[in-house]
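Novice: As a plain string of letters, each chain reads:
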Amino acid sequence: MAWAELVFDLLGVFFFAVSGSLLAAQRQFDVVGSLLLGTLVGLGGGILRDVILDAGVPRAFDSPIYLVPPVVAAVVVYFFAHVVHRFHDVLITFDAAGMALFCITGTLVSLAAGMNPVASAILGLMTAVGGGVIRDVVANDVPQIFRARGLYAIPALLGAALTSLLASVGWLNLGTGAAIAALVFALRMVSLRYG
Amino acid sequence: MAWAELVFDLLGVFFFAVSGSLLAAQRQFDVVGSLLLGTLVGLGGGILRDVILDAGVPRAFDSPIYLVPPVVAAVVVYFFAHVVHRFHDVLITFDAAGMALFCITGTLVSLAAGMNPVASAILGLMTAVGGGVIRDVVANDVPQIFRARGLYAIPALLGAALTSLLASVGWLNLGTGAAIAALVFALRMVSLRYG
Amino acid sequence: MAWAELVFDLLGVFFFAVSGSLLAAQRQFDVVGSLLLGTLVGLGGGILRDVILDAGVPRAFDSPIYLVPPVVAAVVVYFFAHVVHRFHDVLITFDAAGMALFCITGTLVSLAAGMNPVASAILGLMTAVGGGVIRDVVANDVPQIFRARGLYAIPALLGAALTSLLASVGWLNLGTGAAIAALVFALRMVSLRYG
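Protein chains in written order, with the numbering used here: chain A, 1 to 195; chain B, 1 to 195; chain C, 1 to 195.
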């Protein structure tokens, strides 16, 4: 499942980078600021995880491909930001999508680094929410995770715990992984509507 | 003194976690936000220290027992927050108690990792104030340490330096450790009253 | 060029520390807060870089000489802050000077740690802007790099890329290094005037 994990991870970087670039657009940062904030948000959670795992240089610095999604995100936001009407809703949706993927990949990276299943789920949660916390702190907001409309940490922790559990018993594959991501995303979005 | 060090450290985590959960209650975060902010504040300083020491995975991730104090803190604050009248004074008191313990354990962990006495005292200071800085930054305040009423960094640095000195000459034991903690706490609290 | 690199690095620490202590003076922090914020800003970028490089304890903790520039900076600001009229302009100038030096030393440290030229330039950029981001986040401002008047990240990235390139082809020496620093500083300052 290695290539699928990479695809999930790069997609997660892209979604979070879009959320960062959108916030930059909303705050009227220029295009460089948009690229930088998107990069920070997209890569921040994974860098935090890799630094804590203490297993060499974070993969975002080792694999240049991790720089591609933030660049694409900045370009996309640059050209489409003016047609977006409800910035905050779009931002929250991309944030939820990134979270749904990162709680899986973050947990898998931690398991692969030899952490026990519980610690791996916690690091998966941290990967999933870290970029968003950095985004909100840098932009001088109280992080969404603390003042969440709807559920935020609960779906991410659930996704990380399910990933850890299924990986431990050997039931994690592309299908179950995608199902976990869909469940986390759905939980977050539904809770926003009825929260 | 290994078990005493663990007890000091877990108590320090608890005190800082209470300060984080109290701030969460004051800002009307929900119970999940309270648990998360308490955990971040309680474990943040030690994780920062362990990441800088570059000696493997931070102990908070290696030893599941470190997750207990933040949970207890969140529960305690959840049930008692409504009877607390002067949030900020209570928060500052718990913060001071956590600082008094962490300047000792942070220094000892750094010495045990092979740092020299001066660097160990500085890392002890960083452990003692790191969680509080994270708490205030995340909650969009200027950290107490910079705009302190009364003395803040001075007692913490004094405690760390005394710990480093006494440990180096072999005079650190449960009694002298407790005396250092009491001194640091007293200095902070007295300076608040007359500051 | 080892001693020149150390001099560049310590000067960079000093310039950033002045920017931190100036901000502290502007916000009316006391002298301890000024020393602490200056230290955090002066050493923050390099610590971040060293933590990511995962190559042992950050040099700021290994070499006590790194504590000297922040102390000097705090003393200088303490005695001269009252004669400074346009705090923000002076702060931005010192910030630019620190950035001009750190984009060089940050890149060189990363190359020496075995990173490839592209990753080294990116880490050089991060070293050059990290301290300033920390300063502004802690002081509750949106970081300059995101809402820059004039060019900010572009000169730093250019300086880091030039350093990486020249070091790779063996043309980096004291003269070319100083020229890069001058170019980065000039670009930043000129862009401020005409930005």
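Rather than coming from a laboratory, the hints here were simulated on the basis of the structure. Some hints could be false.
Every beta carbon over 10 angstroms from chain B, so not counted as near; a handful from chain A, in silico [as the list claims (entries may be wrong)]: (1) Val142; (2) Pro143; (3) Ser168.
Coverage of chain C stretches by chain A, computed from C-beta distances (three or more under 8 angstroms per stretch; other residues unrestricted) [unchecked claim]: (4) 52 to 65; (5) 113 to 120; (6) 166 to 180.
Per label pair, the in silico range of CB-to-CB distance [claimed, not checked]: (7) Asn140(B) x Phe79(A): 29 to 37 angstroms; (8) Ala186(B) x Asn173(C): 51 to 59 angstroms; (9) Ala186(B) x Val84(A): 31 to 39 angstroms; (10) Pro64(A) x Ala178(C): 26 to 34 angstroms; (11) Ile154(C) x Phe79(A): 49 to 57 angstroms; (12) Arg193(C) x Asn140(A): 42 to 50 angstroms; (13) Pro117(A) x Gly114(B): 27 to 35 angstroms.
Beta carbons are placed, not taken as given, at the ideal position from N, Cα and C, and that holds for glycine.
Novice: Which hints from the list above does the structure break, by number from lowest to highest?
Specialist: As far as the earlier hints go, 1, 2, 6, 9, 11, 12 are violated by this structure, in ascending order.
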